[in-house]
Amino acid sequence: MFSRSLICAAAMLAIAAVPVPVRAQLAPDQMTSYKLGAPAPHWAYIFDSPSSVPQVSKVLIVDTDARKLLGQLNGGYLASFVMSPDRSELYMAGTFYSRTWHGTRTDAVEIFDARTLDFKSEIKIPPKRLLIVPKDNSAAVTTDGRFMIVANLTPATSVSVVDLKAHKFVGEIETPGCVQVMVSGARKFSSMCADGSILTVTLDDAGKLAHRGRSKPFFNPSKDPVFDQPAVVGATAYFDSYHGMIYKVDLSGEVAVAEPGWSALDDADRKANWRPGGWQSISASADGAEIYLLMHQGGEWTHKQFGKEVWVLNAAQKNRTARIALKTQAYSIRASAGPQPILECLALLESQLETYSLPDGKYLGVYRNLGAPFLIYGP
Amino acid sequence: MDKIDQLVEHLTRAIAQRTSRRSFLARLGTLVAGGMIIPLLPVDRVSASARAQSLAAMPPGAPAPAGMEAMVKHGNPEDDSACDYWKYCAIDGYLCSCCGGGSHDCPPGASPSPTSWVGTCRHPGDGKDYIVSYRDCCGKTPCGRCLCANTEGEMPLYRAQLDSDLIWCFGAPTMVYHCSTAEIVGVK
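Chains as they are written, first to last, in this note's numbering: chain W, 1 to 379; chain Z, 380 to 567.
Quick caveat, the hints were computed from the structure, so don't treat them as lab data.
Straight-line Cα separation of at most 25 angstroms, SDA-like style, residue types lysine to any residue; simulated pairs: (1) Lys165/W x Gly145/W; (2) Lys216/W x Gln540/Z; (3) Lys308/W x Thr530/Z; (4) Lys58/W x Arg524/Z; (5) Lys58/W x Thr553/Z; (6) Lys567/Z x Ser222/W; (7) Lys271/W x Thr530/Z; (8) Lys58/W x Ala528/Z; (9) Lys223/W x Gln540/Z; (10) Lys124/W x Thr553/Z; (11) Lys308/W x Leu526/Z; (12) Lys223/W x Thr530/Z.
In this text, all values refer to a predicted model and were calculated from it rather than measured experimentally.
Bound-form chain Z, shown alone:
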């Protein structure tokens, strides 16, 4: 439970930094009033870093795993427009950094979703495991650039907090998905 508590604290802090306290509490209240049926606790996915590392170890231009050719873009793990950028170890969607935004910023006019799911990615430079919040940017049609489908640790819909096929725009002005970001919440 300590780990979960720490993760909740990290996520809460991250969200609170970007939304007014009132709006955050209102959204939290909505979720609780709604039965808290799908837990919104962030989820630790240490193993997700394994895939990022294995992809990072592959030389540029190496064949992608069978069937994933069109979904995996190989590149420098320091390049935030590539699927194997270290923070994207468990990302699924269009990279906002290819869409006018950044690795943790929305493109102009798109709204950061206050809800997200969380992974843990190891930074190749300092070797530390960072807690990463995967937040969608919402309010425009899909960007369509730099599609990444990293499925390490991804679960079916009955484990919704680990399902990356969901439109994670809960609490945003609209449920229209635009692109995905990865935001460092803290060090594990």
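Chain W extracted, bound-state conformation:
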């Protein structure tokens, strides 16, 4: 057997060493790994949470114009995906068990090169990460790219602060009664609180707690709760509520300040039972001038129903300017950036992404086979 194996191996080596005769017009292939160019405005970063094995999260990068998959990023159990502000790095805050589904728990921020999608390094954090069906504000990076803030829930609530420049875990900051992370500056983030208020945390240059300020409640969670994934543009957050109220909240100061809410619905809409819903139910244009709401018709407690229309709202005039009927009911929406923004809609059950032109809402096309696409991000 040995001699036969040896002969086989020698033969294979000989084949490998001698160029295979090729037709003259074709050069031998050279195998490489592609690299990505600079992200284009119509690229979509789609978080696929494999429902059978959530121990390995996926982010699929799709060119929505070419309707082509560009690459894939992996992360740990129910990971949180974040991009660096300069788009040079991608981050996955994940949870790992030493034996995949049992054993010792380790939580870490994994750092990837945004061009090559190569894994670069990791920074360990306390094993306290918020573990939930993926939400887009379970972690965030400060606007200067220095600190990553990771939400914890054990069920006590806090955040882990990671210094991405010094490549180390800085410490934990308690956020009593408040969860999730909305970054609004180089040293500032805010969280949503159980009483309908906002907690704003200001960091010092070392990433430690400098100030904690709690706003007044701006809505009544018992009567009409706001969804917990607002659209954040710069230091402004736009919240939508179960009953269709819109709240604009300024997160730039040491204490958040909310403007009085207004309804996206008129009497006829209310009579027809229109209301926001889904998973990522609200998005905003890059300049915050337009708000996009995923809408369905349903009664009380239908806040996770799929949406069949996207309503375009003028944030300053506080009125509706357009209604876009969707070809397929969506669970999450996002308005892209760039000179020609498009509307990107994720259909969870159909495992697909549909795009529409803005502001006219013309159907542009579909990209399929996206797994269980819960979240959509853009450059």
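Place chain Z on chain W using the hints.
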């Protein structure tokens, strides 16, 4: 407060029956030491029974509410492998009764979570409102069968005790979610 006290008592009794006193106190101590920031009080959700009843009233095969077709399985309200089984009025997840377990028992090898949230469901037979503790079974990858997403009374994450998207495996050997159960704690 009386109602909350009663609910706490019910839940405490239920947990104490299934865990040693020492382990229960240790877990409670951990939560208190952690700041008790998210209250773990069980929460009364009487209104949740309305949805169960409305679903139960729908004939088998009737169209599900728009957008919920794949998430709602219609069946006999006495069938504990169906989303409209009376105890599941506020359940969200894979039914353990479809995964080798029962309506209030974990499949073999999966661990009951000592933490949970609580709803109130009306039994269609005796008309009584029962306090139901929704406890996840943990330690294996998701079962993937009989997904139910009953959202009556469900709140965003800042009201975490009412958020069913959280992995409710706090205090279990691992935070790996397998399936969900509904355990009668008492009569309201």
